[in-house]
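Please work from the sequences and hints to get the whole structure.
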Amino acid sequence: MGAFGKNKENPLQYVRIKPAEKSHIKIKDRNTCLDNCENKPCTYYCPARVYSWSGEKQAIMVDYSRCMECGACPWGCPYNNIYWEFPPGGYGVHYEI
Amino acid sequence: MGHDRYDVIIVGAGPAGSTAAKICAESNLSVALIEKGEYPGSKNMFGGSVFRAALEEIIPDFLEKAPIERKVIREVLFFMEADSVVEIGFTSYKFAQPPYNTFTVIRSRFDRWLAGMAEEAGAHLMNSTLVEDLIYKKEGPFSGRKVAGVILEDGRKIYSDLVILAEGAMASLARKAGLRKKYSADLFTLYVKELIALPEEVINARFNLEKGEGMNIGMVGYPTAGAIGKGGIWVNKDTISIIVGAYLNQLTKNGLNPYQLLSRLKEHPAIKPLIQGGKTVQYMSKIIPKGGYNNIPELYDDGIIITGDGGMLVSGRHGTDAAMLSGKYAAETAIQAKTSGDFSKKTLSAYEGKINNSFFFNNLKVNRRAAGYYKKYPDADFLISKILNEITYEFFKEGMQTQEEKLQMMLEKLKQIQPLTKSAKDFYNAALNWRFY
Chain Z
1 MGAFGKNKEN
11 PLQYVRIKPA
21 EKSHIKIKDR
31 NTCLDNCENK
41 PCTYYCPARV
51 YSWSGEKQAI
61 MVDYSRCMEC
71 GACPWGCPYN
81 NIYWEFPPGG
91 YGVHYEI
Chain A
98 MGHDRYDVII
108 VGAGPAGSTA
118 AKICAESNLS
128 VALIEKGEYP
138 GSKNMFGGSV
148 FRAALEEIIP
158 DFLEKAPIER
168 KVIREVLFFM
178 EADSVVEIGF
188 TSYKFAQPPY
198 NTFTVIRSRF
208 DRWLAGMAEE
218 AGAHLMNSTL
228 VEDLIYKKEG
238 PFSGRKVAGV
248 ILEDGRKIYS
258 DLVILAEGAM
268 ASLARKAGLR
278 KKYSADLFTL
288 YVKELIALPE
298 EVINARFNLE
308 KGEGMNIGMV
318 GYPTAGAIGK
328 GGIWVNKDTI
338 SIIVGAYLNQ
348 LTKNGLNPYQ
358 LLSRLKEHPA
368 IKPLIQGGKT
378 VQYMSKIIPK
388 GGYNNIPELY
398 DDGIIITGDG
408 GMLVSGRHGT
418 DAAMLSGKYA
428 AETAIQAKTS
438 GDFSKKTLSA
448 YEGKINNSFF
458 FNNLKVNRRA
468 AGYYKKYPDA
478 DFLISKILNE
488 ITYEFFKEGM
498 QTQEEKLQMM
508 LEKLKQIQPL
518 TKSAKDFYNA
528 ALNWRFY
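Chains as they are written, first to last, in the working numbering: chain Z, 1 to 97; chain A, 98 to 534.
Be careful, since some hints might not be right.
Straight-line Cα separation of at most 16 Å, EDC-like style, residue types lysine to aspartate or glutamate; simulated pairs [to be verified]:
1) A:243 <-> A:135
2) Z:22 <-> A:250
3) A:442 <-> A:395
4) Z:18 <-> A:180
5) A:350 <-> Z:85
6) Z:22 <-> A:251
7) A:494 <-> A:251
8) A:273 <-> Z:85
9) A:191 <-> A:104
Since the hints were derived computationally from the structure, they do not count as laboratory data.
In C-alpha cells form, the structure reads like this:
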C-alpha cells in the first residue's frame, strides 16, 4: 500500500496525520462487501486510499491512519456499509498550510 | 479555565462558528467555541478565495488584519480538451486597488485568525475537543424537548441556552438532533487539492501578475474525465493551489480516483508549465455539500441553530461567505433571544427569516432547475468543452478552404458531436447554472 495506482508518488507524504489508538472507521458487515459489492468503489474514490481489498482475507482492509477526514466514504459506499466518525479531538489529519 | 455553563455553545471554529462566536461575544454573551482540531483551520480545506462583501460586514477593517495571500485581479475559465484549451478571461486593474474584490487565502491561517478575532472579543476557544452529542431538557408536560448543551467525548457536559452548530459538511450532530435528512452521494462533490510552493517572483512572471496580485482559473471538461465537476488553480503568495473534484456519485459510478485526476491534470500541457519546478507542500481533500435548496435541513429548533456547510448553505462558489453570513445571522438571533430570555423555536425562527432574505439562499432557490438538468445530462459541461474546442480549432486552423467551406466544416463538426438542438440546450442550461458560479 502507499502507491496510488499508476502514479508512483504517495501524496500522503505531504499530509500530517496523528492517528488515534482506535480506529474511527468500521465496515459494518464484511459479507456485504464480499457478496453484494462488485466494484468496491471505496478502494478508488477515497482520496487517501484508506480502503483496499484483501484477496487473501476476502475482505476490505481499513487503514484508518491514512484518513484525511474528507467525509466522502460514508456517502460514497453504495451499500451504506461504512461507519465513520471523527477521530478524538486533537487527533487525525492536521493541515499545516 | 473552562466553565460548565455559557449563554451560547458553538460547535466548530470554521468561518461560520468563529463569526457567530465573535458577534455573540461582542454583545457580552458568554460563548464557548469548541473545535476538534489542534487549532481552527487545521482540518479545513477549500479552493480558494474569500470575498470582500461578507468579510467587510463582519470585520470592517479585515484588510489590515486578515492573512490574505493575494488580491485577485483576474478570473479565467478554461474549457479543456486533452490537447487544446479555449480560454475566457477577465482582468480588472480596479480589483488591484482598494476596496479590491476577492482574496486568495489558506484556510489553516485564515480560520485560525478568524477564531482569534472571536477570542479577542471574549469567546472561550476550546481546541482539540470533540463534541459527542447534545443534551436535551424536557421543558414542560405539554412542550417538547429543548437542546440544553453538549456532551464532550470525555463525558463532560457543558450547558447553554443555545447551541449553534457550525460543524461542517458531515452534520453529525444535526443528524443526531433529527434535523436533517439522510444523505446520499449525489448531494456532495469531493475535491482534492495540492499546495505547490514556488518563489513569489516566479509565480508573478508565470501568471503575469504584479506583486500582491492574484488570480483564479476555473476549469471544465478534461480535468474531471466526464464527471460533473471542476478543476481550479488559485494563486497564493508563494504557493499555487491546484484542485480537482466532481460529484461523489459520479466518481464512484465512473470508477474515478480523485488523486489520479489531479495527477493527470498536473500533466496537462496547459497546466504543467505553470507548476513546473514547484514543490508540493500539502495534499488535502474535502467534500462540499451541494444538495441545493431541496436538501437544506431544518435550520433551527428549540435551543439550536444550524449554520454553514452543515446547513447545506453552499451556492455555486459561495460557501465560505455564506457560512460567515449564516454565522452572523445566528449570532444576531442569539442576541435577540438573550434579550427576551426566550430560546424557543418560535424566537429562533428569526434566523430562518434572515437566511431566506440572503442572496445565497435565493440563488439556491432559483438554481433548482439547472441542477435537475445536470442530473439528467451529466456530460453537458464536458460536451460544451468539446464543442468549443473543436469549433475553435477549425476556426484558427489555416488551410486553403474558402470562408464558406470553413463555416460548413465547423457546422459539420458540431453536428457530429450531437444534435444541434441538444447543444443549444446544453449551452442554455450551462448559462443558467453558471450564473451562480
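Here is what the structure says about each hint:
1. For a cut-off of 16 Å, the pair hint linking residue 243 (chain A) to residue 135 (chain A) is broken: about 30 Å separates their Cα positions.
2. Straight-line distance between C-alpha atoms of residue 22 (chain Z) and residue 250 (chain A) comes to about 14 Å, which keeps the hinted pair within the 16 Å bound.
3. As the CA atoms of residue 442 (chain A) and residue 395 (chain A) are separated by approximately 11 Å, the hinted pair is consistent with the 16 Å bound.
4. Between the alpha carbons of residue 18 (chain Z) and residue 180 (chain A) the distance comes to roughly 41 Å, so the proposed pair goes past 16 Å and is violated.
5. Note on residue 350 (chain A) and residue 85 (chain Z): the hinted pairing is violated, with a Cα-Cα distance of about 24 Å set against a maximum of 16 Å.
6. About 15 Å separates the Cα atoms of residue 22 (chain Z) and residue 251 (chain A), which keeps this hinted pair within 16 Å; it holds.
7. Under the criterion of a C-alpha separation no larger than 16 Å, the hint pairing residue 494 (chain A) with residue 251 (chain A) is inconsistent with the structure, at around 68 Å.
8. Annotation: proposed proximity of residue 273 (chain A) to residue 85 (chain Z) holds, straight-line Cα distance about 12 Å (limit 16 Å).
9. Between residue 191 (chain A) and residue 104 (chain A) the alpha-carbon distance is near 44 Å, which puts this suggested pair outside the 16 Å criterion.
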